[in-house]
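Input sequences plus hints: build the corresponding full structure.
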Amino acid sequence: MTAVSVPTVIAPRNALKRSSLEGRYHLASSYLRVARYVFDHGDYREAADLAYHAAETAVKALLLLEIEELPKSHRGVVNRFGDLYIRTDRLPRSMGRDLRLALATRNRARCEPEQVITRPEAEEVLALADRLLQHVTEFQQALSE
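Under our numbering, the first residue of the sequence shown carries the number 16, and numbering increases by one thereafter.
Because the hints were derived from the structure by calculation, they are not lab data. Each hint should be verified, as a subset may be incorrect.
Straight line, CA to CA, 20 Å or less: simulated SDA-like cross-link-like pairs of lysine to any residue [claimed, not checked]:
1) LYS32 to GLU61
2) LYS75 to GLU127
3) LYS75 to VAL53
4) LYS75 to GLY38
5) LYS32 to GLN149
6) LYS75 to GLY57
7) LYS75 to ASP98
8) LYS75 to HIS41
9) LYS87 to LEU99
10) LYS32 to ARG48
11) LYS87 to GLY111
12) LYS75 to LEU31
13) LYS75 to GLN156
14) LYS75 to ALA142
15) LYS32 to ARG134
16) LYS32 to ALA142
17) LYS32 to THR133
18) LYS75 to ASP55
19) LYS32 to ASP113
20) LYS87 to GLU153
Keep in mind the model is a prediction, meaning the values are calculated, not measured.
The structure is reproduced here in structure tokens:
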């Protein structure tokens with residue numbers, strides 16, 4: 016993985032991006048906190064759903080460093096993230112794959128009542144959300160420098 020590179024922007028825009036990044040970081044952290052709570056109480060379906068939303072919110076924070084308008088669909092967010100962060104080697108390729116798998120797990124959890132979401136599946140989505148939030152923190156620090 017290469018070092019974190021933040022786009023060059025003028026100072027006022029940098030402050031706006033930092034504010035947006037911080038807001039989405041806090042929202043993603045909140046989703047993740049609740050996901051862990053329901054996970055600890057054995058509700059893996061809800062944990063996977065909420066953890067995916069934490070991961071996607073972190074991804075949206077990163078996307079807004081590069082683009083002005085977010086894609087409208089979950090798949091659009093995942094694809095754009097792949098274009099801007101995975102294919103450019105700014106983040107590990109495994110993260111793109113894991114995000115796609117997390118979306119599939121989220122879709123099963125949200126839309127297919129007969130599906131069982133297992134503890135390991137929920138753990139994978141929780142771990143992805145954690146990793147993405149770490150990257151948001153790295154990008155926040157880079158913006159502050």
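Verification of the hints:
Distance check on the hinted pair: LYS32 and GLU61 sit about 31 Å apart at the alpha-carbon level, beyond 20 Å; violated. Distance restraint check for LYS75 and GLU127: the Cα-Cα separation of roughly 25 Å exceeds the 20 Å cut-off, and the hinted pair is therefore not satisfied. About 24 Å separates the Cα atoms of LYS75 and VAL53, which puts this hinted pair outside 20 Å; it is violated. At roughly 11 Å between alpha-carbon atoms, LYS75 and GLY38 fall within 20 Å of each other, so this suggested pair holds.
With a C-alpha separation of about 17 Å, the suggested pairing of LYS32 with GLN149 holds against the 20 Å cut-off. For the suggested pair LYS75 and GLY57, the alpha carbons sit about 28 Å apart, so the restraint of at most 20 Å is broken. Taking the CA atoms of LYS75 and ASP98, the gap is about 13 Å. The hint holds against a cut of 20 Å. With a CA separation close to 12 Å, the supplied pair LYS75 and HIS41 stays within the 20 Å bound.
Restraint check for LYS87 and LEU99: satisfied, since their Cα atoms lie roughly 16 Å apart, inside the 20 Å limit. As the CA atoms of LYS32 and ARG48 are separated by approximately 24 Å, the hinted pair breaks the 20 Å bound. Pair hint LYS87 plus GLY111 holds up; C-alpha atoms about 18 Å apart against a cutoff of 20 Å. Taken as a hint, the LYS75 and LEU31 pair is honoured in the structure, with Cα atoms around 15 Å apart against an allowance of 20 Å.
For the hint linking LYS75 to GLN156, the alpha-carbon distance of about 17 Å falls within 20 Å, and the restraint holds. At most 20 Å may separate the alpha-carbon atoms for a hinted pair to count; LYS75 and ALA142 meet this at roughly 17 Å. The suggested pairing of LYS32 with ARG134 is violated, with an alpha-carbon distance near 36 Å, which exceeds 20 Å. Only pairs whose Cα atoms come within 20 Å are accepted, and LYS32 paired with ALA142 is rejected, the gap being roughly 26 Å.
Note on LYS32 and THR133: the hinted pairing is violated, with a Cα-Cα distance of about 37 Å set against a maximum of 20 Å. Between the alpha carbons of LYS75 and ASP55 the distance comes to roughly 27 Å, so the proposed pair goes past 20 Å and is violated. Restraint check for LYS32 and ASP113: not satisfied, since their Cα atoms lie roughly 26 Å apart, outside the 20 Å limit. This hinted pair does not check out: LYS87 and GLU153 have alpha carbons roughly 26 Å apart, beyond 20 Å.
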